[in-house]
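Engineer: Quick note, the sequences are listed as chains A and B, same order. FYI, in this note's numbering the residues of the first sequence are 3 to 113. FYI, in this note's numbering the residues of the second sequence are 189 to 303.
Hints listed in this document are in silico derivations from the structure and should not be mistaken for laboratory results. Hints are not guaranteed to be accurate.
[What the hints assert, rightly or not] With a straight-line cut-off of 20 Å between C-alpha atoms, the simulated EDC-like cross-links for lysine to aspartate or glutamate are:
(1) A/K4 x B/E244
(2) A/K44 x B/E244
(3) A/K4 x B/E232
(4) A/K105 x B/E247
(5) B/K230 x B/D274
[Claimed, not checked] These stretches of chain A come out as covered by chain B in the derived footprint (C-beta under 8 Å, 3 or more residues):
(6) 39-52
(7) 103-113
Keep in mind that this is a model prediction, so the values were computed, not measured. For each residue, glycine too, the CB sits at the ideal point set by N, CA and C.
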Amino acid sequence: QKEVEQNSGPLSVPEGAIASLNCTYSDRVSQSFFWYRQYSGKSPELIMSIYSNGDKEDGRFTAQLNKASQYVSLLIRDSQPSDSATYLCAVKYGGADGLTFGKGTHLIIQP
Amino acid sequence: EPEVTQTPSHQVTQMGQEVILRCVPISNHLYFYWYRQILGQKVEFLVSFYNNEISEKSEIFDDQFSVERPDGSNFTLKIRSTKLEDSAMYFCASSLMGQGNTEAFFGQGTRLTVV
Numbered sequence: 003q004k005e006v007e008q009n010s011g012p013l014s015v016p017e018g019a020i021a022s023l024n025c026t027y028s029d030r031v032s033q034s035f036f037w038y039r040q041y042s043g044k045s046p047e048l049i050m051s052i053y054s055n056g057d058k059e060d061g062r063f064t065a066q067l068n069k070a071s072q073y074v075s076l077l078i079r080d081s082q083p084s085d086s087a088t089y090l091c092a093v094k095y096g097g098a099d100g101l102t103f104g105k106g107t108h109l110i111i112q113p
Numbered sequence: 189e190p191e192v193t194q195t196p197s198h199q200v201t202q203m204g205q206e207v208i209l210r211c212v213p214i215s216n217h218l219y220f221y222w223y224r225q226i227l228g229q230k231v232e233f234l235v236s237f238y239n240n241e242i243s244e245k246s247e248i249f250d251d252q253f254s255v256e257r258p259d260g261s262n263f264t265l266k267i268r269s270t271k272l273e274d275s276a277m278y279f280c281a282s283s284l285m286g287q288g289n290t291e292a293f294f295g296q297g298t299r300l301t302v303v
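Pulled out of the complex, with its shape left as it was, chain A reads as follows:
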């Protein structure tokens, strides 16, 4: 069974601090990893994709991938109240078309 695990939270972070979100996955044969943001009642919005080990930075967001340990993380620097949302980790396993999603981490940025 291919699983993606996330801590559901809520994760509460003060405004301006770094928010750190983590995700683990079950299958070593995984190709692609994605972070989506989902506001309540809305659709998933792609934030970051990462395909190889290491860090990938895009503005205030940094995705980190460690395939040996089977985890992927998302760092949000200078957190803003508008970053308050549920963050979904998604994995494209080898040979699959569809994404396997985690349940998401609910992030709250406190003003």
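Chain A is fixed; fit chain B onto it per the hints.
Structural biologist: The following block gives chain B in isolation, referenced to the frame of chain A:
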């Protein structure tokens, strides 16, 4: 910016009725997907579609579901005989490629309520 569009935004139907959910993927994308999210639960993959045929489907996508690309722009999900447990948000997504390095972009969703 190109986006995936879905209609209707909300559909209420009686149990046992057929519903068709519609999507217009991003125009140059080649892979199309349907996902669903039951309230409070995770997003689940239903089916992927490429080159006018299903390329992958999950165990959720049973005989009551079907997909079609009736013309060059629309992509539809049909549920033949709806059940109460089909109530969920249904998201259409599209990507340029299906395998390897690819990114899927989601539409705003259709909230299906079966009563």
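Engineer: Now look at each hint and say whether the structure bears it out.
Structural biologist: Status of the hints after comparison with the structure:
1. A/K4 x B/E244: holds (16 Å)
2. A/K44 x B/E244: violated (25 Å)
3. A/K4 x B/E232: holds (12 Å)
4. A/K105 x B/E247: holds (19 Å)
5. B/K230 x B/D274: holds (14 Å)
6. 39-52: Result for this restraint: holds, n = 6.
7. 103-113: holds (count 4)
Comparing the model with each earlier hint shows a violation of hint 2 alone; every other hint is respected.
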